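S.K.: Which chain is which? The protein sequence lines are U and G, in order. To convert, note that position 142 of the first sequence is 149 in this note's numbering; the numbers rise steadily by one, no gaps. To convert, note that position 177 of the second sequence is 184 in this note's numbering; the numbers rise steadily by one, no gaps.
Please note that a few of the clues may not be correct.
It does not matter which identical chain is used: a pair holds within one copy or between any two.
Cut-off 30 Å, straight-line C-alpha distance, at most; resulting in silico cross-link-like pairs (DSBU-like, lysine-lysine) [unchecked claim]:
id: 1; residue 1: Lys313; residue 2: Lys258
id: 2; residue 1: Lys314; residue 2: Lys184
id: 3; residue 1: Lys300; residue 2: Lys339
id: 4; residue 1: Lys180; residue 2: Lys339
id: 5; residue 1: Lys46; residue 2: Lys137
id: 6; residue 1: Lys313; residue 2: Lys184
id: 7; residue 1: Lys166; residue 2: Lys258
id: 8; residue 1: Lys313; residue 2: Lys180
id: 9; residue 1: Lys124; residue 2: Lys54
id: 10; residue 1: Lys184; residue 2: Lys300
id: 11; residue 1: Lys239; residue 2: Lys258
id: 12; residue 1: Lys124; residue 2: Lys180
id: 13; residue 1: Lys188; residue 2: Lys54
id: 14; residue 1: Lys250; residue 2: Lys184
id: 15; residue 1: Lys314; residue 2: Lys166
id: 16; residue 1: Lys239; residue 2: Lys126
id: 17; residue 1: Lys166; residue 2: Lys339
id: 18; residue 1: Lys258; residue 2: Lys314
id: 19; residue 1: Lys198; residue 2: Lys126
id: 20; residue 1: Lys188; residue 2: Lys300
In short, the hints are calculated from the structure, not lab data. Model, not experiment: these values are computed from the prediction.
Number of protein chains: 2
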Amino acid sequence: MINDLFLKACHRQHTYRTPVWMMRQAGRYLPEYRAVREKTDFLTLCKTPELAAEVTIQPVEILSVDAAIIFSDILVVPEAMGMELIVEEGSGGPRFPHPLRTTNDIDNIQILDPTKKLKFVLDALSLTKKILAGRVPLIGFSGSPWTLASYMVEGHGSKNFRFIKELIYNEPKIAHKLLDKLARSVALYLKAQIEAGAQAVQIFDTWGGILTQDAFHEFSLYYIEQIVNELKSTDTPVIVFCKDCGHSLNKISATGCHAIGLDWSIDIGTARNLIGDTTAIQGNMDPVILYSKPERIRYEVIQILKKYGNGNGHIFNLGHGILPDIPVDHAKEFINAVKEESIAFHS
Amino acid sequence: MINDLFLKACHRQHTYRTPVWMMRQAGRYLPEYRAVREKTDFLTLCKTPELAAEVTIQPVEILSVDAAIIFSDILVVPEAMGMELIVEEGSGGPRFPHPLRTTNDIDNIQILDPTKKLKFVLDALSLTKKILAGRVPLIGFSGSPWTLASYMVEGHGSKNFRFIKELIYNEPKIAHKLLDKLARSVALYLKAQIEAGAQAVQIFDTWGGILTQDAFHEFSLYYIEQIVNELKSTDTPVIVFCKDCGHSLNKISATGCHAIGLDWSIDIGTARNLIGDTTAIQGNMDPVILYSKPERIRYEVIQILKKYGNGNGHIFNLGHGILPDIPVDHAKEFINAVKEESIAFHS
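Put together the whole structure using the sequences plus the hints.
M.R.: Here is the structure:
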C-alpha cells in the first residue's frame, strides 16, 4: 500500500496529515465520468465491472483523493433480492414499480446471495483493486437495512415516508421481519465485498434521520449493530454514516464501528467531544460550500480542521455526496486544502 | 378567555392538562377547508379576512384544539416587500419568478409596512378574535428572516439551497443586508399582529436546519433573537420553531423566547433536560404517525407525555404541519388523547 493514510485514520493511528475523499466522488461533476455515461446507462455502468472500475479510479487519478469507493448503487441490493428496479434518466430518481406493501410481498423477499446475485459488484471490486495496485485503499459499501427498507416499501425517494412509517407503527413485527432479512443480506454482502478486495466498508443510513430517536434505535441502529458485529471477524474498518442522526452519536459509536460519518449539521468538535477517543470521525463539510469561491472553500476546510483539533482519527469528507454540477477546480481545491492545511494538526 | 391553557403553558404556569394544537391545523385534511378552497384560490383565501377567519376557526370547532393560528402563508411577507409571488395549484408549491440574485435585487427590497401592505392579515386577526370571543387564544406567525431569505433567493423550495448558500459563503455582507431588512420587517409585522389581536406569535424557521451550526447561529438565530428582543415590550409569548436544529436548543432558549417548537427528531425528555425550566416546549409528534391506527396514535401521545414528564410548560403539537390526507378521525384521536392522557402528568 503506497498511501494508507485513510486506513490508518480509520484505526485512529498516527498520520502526518488528514486523509480525504468525497462521497459520490465518481460522479457527474467529472467530465470523464460524463463521457462514460454518454455511452452507457446507469445500471449497465453498475453492472459492467470494467466500466465500474474505470469510473471508480477516475477521482483517484484526477483529484488524488486518499481512497477509492467502488462505483455502485445501494438499490442493486433490493433488485438482487427479487425486486424490479427502474432507473430512467431525468425521471426523478430510481424506483421500484412494485413496492412492498403487503405481508406477502415481504415474505417473498429472498435473503441475498451476493456471490450469485451481485457478482458484478464483487468482480468490479477485484478488478479495481488490481488496477489501483495499492495506490489508495478501496472502500465497499451498502445501504443500511432501514434505508433499503424505506426505498423498498415507498418504491422511490419520498418526502414524508408515509408507507414505511405506517408499516413500523401499525405492523412493527412485519417491519422487523423485513429488516432482519435485510440485515442478514447486508452482512453477507459486505463480507463478500471484503473477500473480493474491499479494505473498508461504509454503511449508508441515508434515511435514519427521518425517524424519532426511539424509532431510529429500534428500526435502524439495532440492525446496523448486528452487521457491525458480523463483520468484526474480518478486522476490516466499518464506517457508519447515519444522515441527520446527530442526536445519537454515542449510540452509533457503541455499535463498535471504527468510524462515524458525520453530515454537516453537527459541529465536528462537539461530535468529537461527545464520542471520545474510541471512534474515528469522517466528515463533515456542507457539500454546497463547493459552489463557493476557492478561497472560501479553503477557509471552511480550515474551520473544520480547527474544530476537530489536533490529533488523529479524522477522515476528511463532505457531509453528503458531491453535487453533480460542482466545478472540478473547486473539488480539487477542497482536496488540496485538506492535504495542505491538515499537516499543522498532526504534530 | 374561556380556555387559556395554551397561554398558561407558554408562561410555564400550572394547568390541569397539557394544551394541544396542530401546525397547519386549518388545512386540506378538513373537508370543511376543502369546501372553502373549491370556491377560491389559496392567495385569495389568505387575502380575504372573512374567509381566512372562517378556516382559522374550523379546527377549533371541529377538533376542539386549544389554540387557533391565523390562516396565512409565510410568503405573503416577501410579496409585501415587493416580490411577485405565484401560487398555482399542483405546480409544486409557491414560487417567486424573479428571485433575488444580485446586490441590486437585494437593495430594491423594501422594509415591510405591515399596516399598509399586509392589512388583510391584520384584519383577519381582528375578525377572528372577535368571532372566537375568547373560546381559545389566537396565534399569529411569521417565517424567520433566514427562511424567508431562502425562498426569496432560491425562488421556491429547494433540495440543496445552492443560491442562498452561495450568497452567505461568497457575499456574507450582502446576505446580512437582506437578513437585517427581513428581521426589521418581521418584527414590525409580528408587532402589528399583536396589536391586531394575536395573543402569541410563532416564528417558523423551516430552513434553519440546512445550515451548519455556525452558519445557523450567524445567519438565522442572530436575527430571530433580534425579533424576540423587539417583541419583549409587548409581553406576548413568542414561540420559536427551528426545524432540524436540535443541536442548538440551548442557544434558541437563550434568545429569550417563551417556548421552543420541537420537531420529532429530538426526544422531548432530552430537550427538556437540556433547556431546563426557563422555556416552555411545544411538540413533538411525528406528523406521519397520524396515518397509523388510532390506538397507535394514542400510544405515541402517551410516550411523549411520559418523556416530557410531570409538570407544566408543555404545549402538545406535531413536530411539523399536519399532512393533507390525514383522516379527520385520526386528528381527533390525537387531540383527544392529549387531553385525556395528560391530566395524569399535571398533579
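S.K.: Flag every earlier hint the structure violates by its number, smallest first.
M.R.: Violated hints: none at all, because every hint is consistent with the structure.
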